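> Below, each chain spelled out in residue letters.
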Amino acid sequence: MPRINSSAELEKLRESILSKIDPNKRTITLCSGTACHATGSKEVASSIEEEISKQGLSDQVDIRKTGCHGFCERGPIIVIQPEGICYLQIKPEDVPEIVSQTIKQNQILERLVYVDSVNEEKIIHETEIPFYKNQQRLLFGNNIKIDPKSIEAYLALGGYSALAKVLFQMTPEQVLEEVKKANLRGRGGGGFPAGIKWEGSRNAPDDTKYVIVNADEGDPGAYMDRSLLEGNPHSVLEGLAIGAYTIGAREGYIYVRQEYPLAVENVGLAIKQAEEYGFLGENILGSNFKFKVIVHQGAGAFVCGESTALMTALEGRAGEPRPKYIRSNIKGLWEKPTVLNNVETWANIPLIINEGADWFTQYGTETSNGTKIFSLVGKINNTGLVEVPMGMTLRDIIYKVGGGIHRGRKFKAVQTGGPSGGCLPDDLLDLQVGFDELTQAGSMMGSGGMIVMDEDTCMVDVARYFLEFLTDESCGKCVPCREGVRQMLKILTNITQGKGKDGDIELLEELGETAKEISLCALGQTAPNPFLSTLKYFKDEYEAHIKGKKCPALYCKELIAYYIDPEKCQACMACLKKCPSDAIIGGKKTIHVIDQDKCTKCNTCFDVCPPRFNAVKKISGEPVPSPIPEEERIIAKGSKEK
Amino acid sequence: MTKTLITIDDKEVEAAEGMTVLEAAQSVGIAIPTLCHNEKLEPYGGCRICTVEAEVNGRKKLVVSCVYPVEQNLVVRTRTEKVNRVRKMILELLLSHAPDSKQLQDLAKIYGADKDRFEKEASFCIHCGLCVRYCAEVKKKNAVGFINRGAKREINFNPELAVKECWNCKECFPLCPTAALQAAYVFIEAQISSTPSFEFEKN
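Line order of the protein sequences matches chains V and F. Take the first sequence: its letters are residues 94 to 735, numbered as in my numbering. Take the second sequence: its letters are residues 52 to 254, numbered as in my numbering.
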């Protein structure tokens with residue numbers, strides 16, 4: 094590949110790439126990120142390749158393996174261009190028909206298209222599917238258009254034009270002003286304005302400075318950074334290079350989890366390609382600017398997402414936060430001014446430079462601008478990655494984009510901000526999503542986790558679950574986090590096991606306040622959030638557990654019992670046969686009874702009892718009714734309505 | 052050297068630039084409790100017992116004095132209600148590990164900490180890291196270190212290094228505020244003694 098030595102040469106290269114692309118050529122786009130592979134997209138890819146060649150279409154059809162499209166609930170996904178026909182949940186055996194019918198004869202395979210869950214309307218085009226239609230995919234939209242292993246694909250979409258623009262048309266001060274004006278706030282969790290952070294580093298007197306991409310995404314269930322880095326690595330590199338130019342750094346690091354092998358592979362390849370073209374390395378695009386990027390694989394500790402712990406780990410030491418009261422943009426990696434931003438933050442930079450701060454700020458609220466990618470998971474119909482403008486309400490995200498609650502259950506809470514975020518109840522569904530809005534409500538933006546919970550979720554257990562995660566992931570250096578949060582977990586565990594006592598809530602609050610006030614880093618300072626927010630909005634559940642020994646959501650094992658309603662039991666033997674601990678007494682034509690001493694509360698009987706009988710009940714906070722006398726258990730023929 | 056004027060507990064203190072609040076307080080005889088602090092070692096900020104209230108430009112916040120640097124016009128209060136409450140809680144949490152530590156017991160009296168507030172823990176290490184840091188920073192041997200993280204974290208002697216370095220040193224022993232270090236050492240000593248390959252090196 095030729096080295097590009099000026100802006101003009103870059104544009105010439107772009108023209109030559111574009112001239113080779115026929116926009117009307119049939120292209121099968123298949124999602125091929127890590128999550129896609131888990132649903133079988135690799136197998137689909139091989140059968141597409143095989144089938145295309147078998148049916149003699151190799152010259153007429155392109156195959157593009159892209160990063161994540163976001164609609165993971167229905168993956169693997171293919172989109173056939175130029176029409177934009179979208180097929181969902183493709184299996185290798187669907188491929189011959191797709192090729193012979195849709196590719197060759199323009200016939201739509203109706204069984205593979207999206208069916209609206211409300212009006213059962215079939216939707217053929219990707220852009221019209223409500224999940225996509227209600228998003229604003231400024232960053233993520235390109236994932237579907239790009240083969241992440243091809244720099245040319247990125248260049249075809251205008252890639253590296255923002256870098257050329259800053260190098261030849263803008264001073265570092267002008268770039269800084271633009272980023273500040275755009276009010277780009279850190280997407281990794283803190284929401285600190287990127288421009289202000291950059292300015293601090295730029296003004297620091299040191300000669301050596303660093304820029305870092307934080308790709309140590311550690312929230313359970315969150316994978317937006319992985320999907321961006323896997324699906325569009327050049328956008329992150331371009332943003333990083335612009336940041337380096339602005340603050341005066343000549344070296345940058347990508348701190349990425351070792352558990353993200355595809356992201357490591359794609360970004361490594363992207364760096365190599367960018368160096369060959371001269372978009373990274375010495376004399377970038379023929380200018381005096383030089384910038385080198387190094388990929389560092391983290392060992393997978395959640396706390397290393399914390400900026401100072403990340404830098405300590407990068408220096409080769411155990412990943413523990415630093416106690417210093419000096420910002421890392423002044424003294425960071427190896428005590429040098431260091432700008433650390435998250436993957437998504439960096440990916441926003443080329444957009445802001447190309448389109449301008451005014452364009453960027455048209456999206457969002459007064460204090461949170463642009464878009465945010467959320468990992469929408471839990472009891473929701475459309476699980477996946479969604480990018481929406483800041484300021485969209487939780488209700489619109491959950492119902493319009495997410496398609497509502499799974500199995501028509503009732504919404505109970507949405508947990509935002511990752512493990513140390515908070516749970517918000519239904520009367521806050523009209524809250525606009527933004528950094529300050531979420532914090533004021535007792536939760537946080539975090540890196541964009543959004544877990545939807547339905548009425549079957551116990552909020553005390555949710556708090557316990559997240560505190561368990563945080564106790565495991567605490568580095569163990571400071572007392573309020575290591576000891577305090579551990580004690581909180583003990584108390585919460587006791588409450589869910591029916592061992593809660595008066596004064597527990599007050600003690601939890603005191604421990605929570607201590608951890609919040611004096612923990613060393615953000616992990617400990619925010620660790621009490623899952624408890625504090627559930628207490629704020631679901632205090633009745635805590636009280637029910639402690640005082641009534643009752644789990645209102647019928648979830649906590651130690652507080653519930655299973656009972657077969659003798660009026661409803663048809664002695665069908667379904668539960669009796671399936672019970673793994675032989676706890677069900679009864680037989681053919683003999684009403685079934687659960688032996689409470691043997692029951693392990695595995696929920697099997699509840700699951701297998703046919704819905705038309707609905708005889709197995711879960712109860713909590715009340716005694717199990719005594720079983721009916723044995724002689725009354727015999728069902729005489731015709732004595733019960735079937 | 053430039054002097055920085057700060058106020059600690061209503062007392063005007065002239066501190067040297069670069070000093071921590073703890074050092075400034077100590078220089079005028081104001082006592083702030085510490086557990087993980089040692090003048091020979093880099094500030095660690097782990098135990099948080101030296102928490103004080105700092106007021107900068109009218110904004111109050113809790114900071115740890117062993118790390119927080121002095122700055123002009125800083126106002127420090129070492130015994131506010133909030134500070135006392137935090138210290139009491141830290142002591143109670145640590146007393147669940149080391150109820151017999153003299154140092155903790157003395158502080159517990161001052162802050163009214165209840166040593167039985169939390170259930171007792173199996174390990175009596177309070178993770179102040181004094182042994183680990185002394186061995187690394189002063190002796191430059193790294194014979195004792197932390198293993199694991201979070202609630203599972205503990206100190207551990209590296210047997211290969213301990214057999215060479217520790218027999219004639221043991222300088223970390225008096226630093227330990229509990230008996231955890233000796234216990235860990237006795238454990239490793241027993242392990243080494245029962246391993247013939249180590250016997251050889253020991254002689």
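Simulated from the structure, these hints should not be mistaken for lab results. All values reported here derive from a predicted model rather than from experimental measurement. Certain hints may be false.
Covered stretches of chain V, going by a simulated chain F footprint (3 or more residues, C-beta under 8 Å) [as the list claims (entries may be wrong)]:
1) 357-367
2) 561-567
3) 571-585
Backbone N, C-alpha and C define an ideal beta-carbon position, used for all residues, glycine too.
> Against the structure shown, which of the earlier numbered hints fail to hold, in ascending order?
Of the numbered hints given earlier, the structure breaks just one, which is hint 1.
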